[in-house]
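S.K.: Letter by letter, the chains look like this.
There are 2 protein chains.
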Amino acid sequence: MKNNAINPERSRSQVRILGLDVALRKTGYGIIDSNGQTFKVIDCGLISTPQKAPLSECLRRLHSGVGEVVDEYAPQMTGIESGFFYKNAKTAMLLGSARGAVIGPIAETGIPIYEYSPRRIKQAVCGYGNADKKQISRLVGQMLSLNTEEMSDDVTDALGIAICHAHTYFTNQGAFLPEPV
Amino acid sequence: MKNNAINPERSRSQVRILGLDVALRKTGYGIIDSNGQTFKVIDCGLISTPQKAPLSECLRRLHSGVGEVVDEYAPQMTGIESGFFYKNAKTAMLLGSARGAVIGPIAETGIPIYEYSPRRIKQAVCGYGNADKKQISRLVGQMLSLNTEEMSDDVTDALGIAICHAHTYFTNQGAFLPEPV
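Here the protein sequences come in this chain order: A and B. Read left to right, the first sequence gives residues 1 to 181 (my numbering). Read left to right, the second sequence gives residues 1 to 181 (my numbering).
Bear in mind the hints are in silico, worked out from the structure with no lab data behind them.
Pairs of lysine to any residue, SDA-like flavour, derived with a Cα cap of 20 Å:
| id | chain 1 | residue 1 | chain 2 | residue 2 |
| --- | --- | --- | --- | --- |
| 1 | A | K87 | B | T91 |
| 2 | A | K26 | A | S152 |
| 3 | A | K87 | B | N88 |
| 4 | B | K52 | A | V181 |
| 5 | A | K90 | B | K90 |
| 6 | A | K87 | B | Y86 |
| 7 | B | K26 | B | S117 |
| 8 | A | K90 | B | P118 |
| 9 | A | K26 | A | E150 |
| 10 | B | K40 | B | M151 |
| 11 | A | K90 | B | S117 |
| 12 | B | K87 | A | Y86 |
| 13 | B | K52 | A | P178 |
| 14 | B | K87 | B | A23 |
| 15 | B | K26 | B | E149 |
| 16 | B | K90 | A | Y86 |
Chain A side only, calculated, beta carbon under 8 Å to chain B, not exhaustive:
| id | residue |
| --- | --- |
| 17 | A92 |
| 18 | A101 |
| 19 | I113 |
| 20 | P180 |
Where is the CB? At the ideal position from N, CA and C, for every residue including glycine.
Hey, can you work out the whole structure from these sequences and the hints?
M.R.: Printed below as a string of structure tokens:
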């Protein structure tokens, strides 16, 4: 994988963001370009593993799938949803393993990773923190001029996370940007 | 990383095993060769990250560190400790992320990964399931003709996991071998 963290050819006023909605068997990804005013989708999709496949196959697909997306689109920053809201330790362990399989190869390239709470993401996309998945999908479609009706929520959520990061990055010169994970 | 799953040059009666004691900031690894009767240590060590380094740096080091070990020593099988005994969801999430960062690149090479409970590992090394870390360290040292006195428990535990897998693999022609994860 190439080191994509710094690309002097790209304009300083526009950034390429990878948004990731990470889960063990269905991880959505979305690549957008934004200058804070405009949002353009470059690609989006799903890294999925069949229900019966073992854990190692899920983690292998996440590891190589995210690696391919980063290699192909050279994002400068990544946004992911924070995951510390699970009560069940076994579920938390499995989601954690999916996050580790994804963050490891991204961190290897030096691309910074920013974490946002589900509430923060909904606020950034829909204007309020209690929006449901359908509302996120519709607003993401409007902002990106994209027909999201047939798209998986995992993919529209990933695009929403990328939009949330773009908002945070450009608003007040990034004053509210969290520390990278 | 090369695909090390099958190496026709290596004798069928001897296997090379990578044992991993996975944690976010201190992951021990141990490489042993065994035919079920003899156990020979090839290398062992620690992949560590300073306490103040961010999560992404821990996962980056685990991801690349395990990749280097696998590239250099071409193990045919991996043994790890099972991790589903944490009650705290946040701790479980963090340990899960360490496991994901390690399992992803190993799974990519096709090397199978076998999981063992702490009790099973202690039984295999010490003969009883309630052994403490000092006892594991001493027995691992005896079995591998290795001075383990100054070694970190994370490293001797990793060697113990490799020994446990060798035992299981060769005993009763692998009748008690668990499914790979």
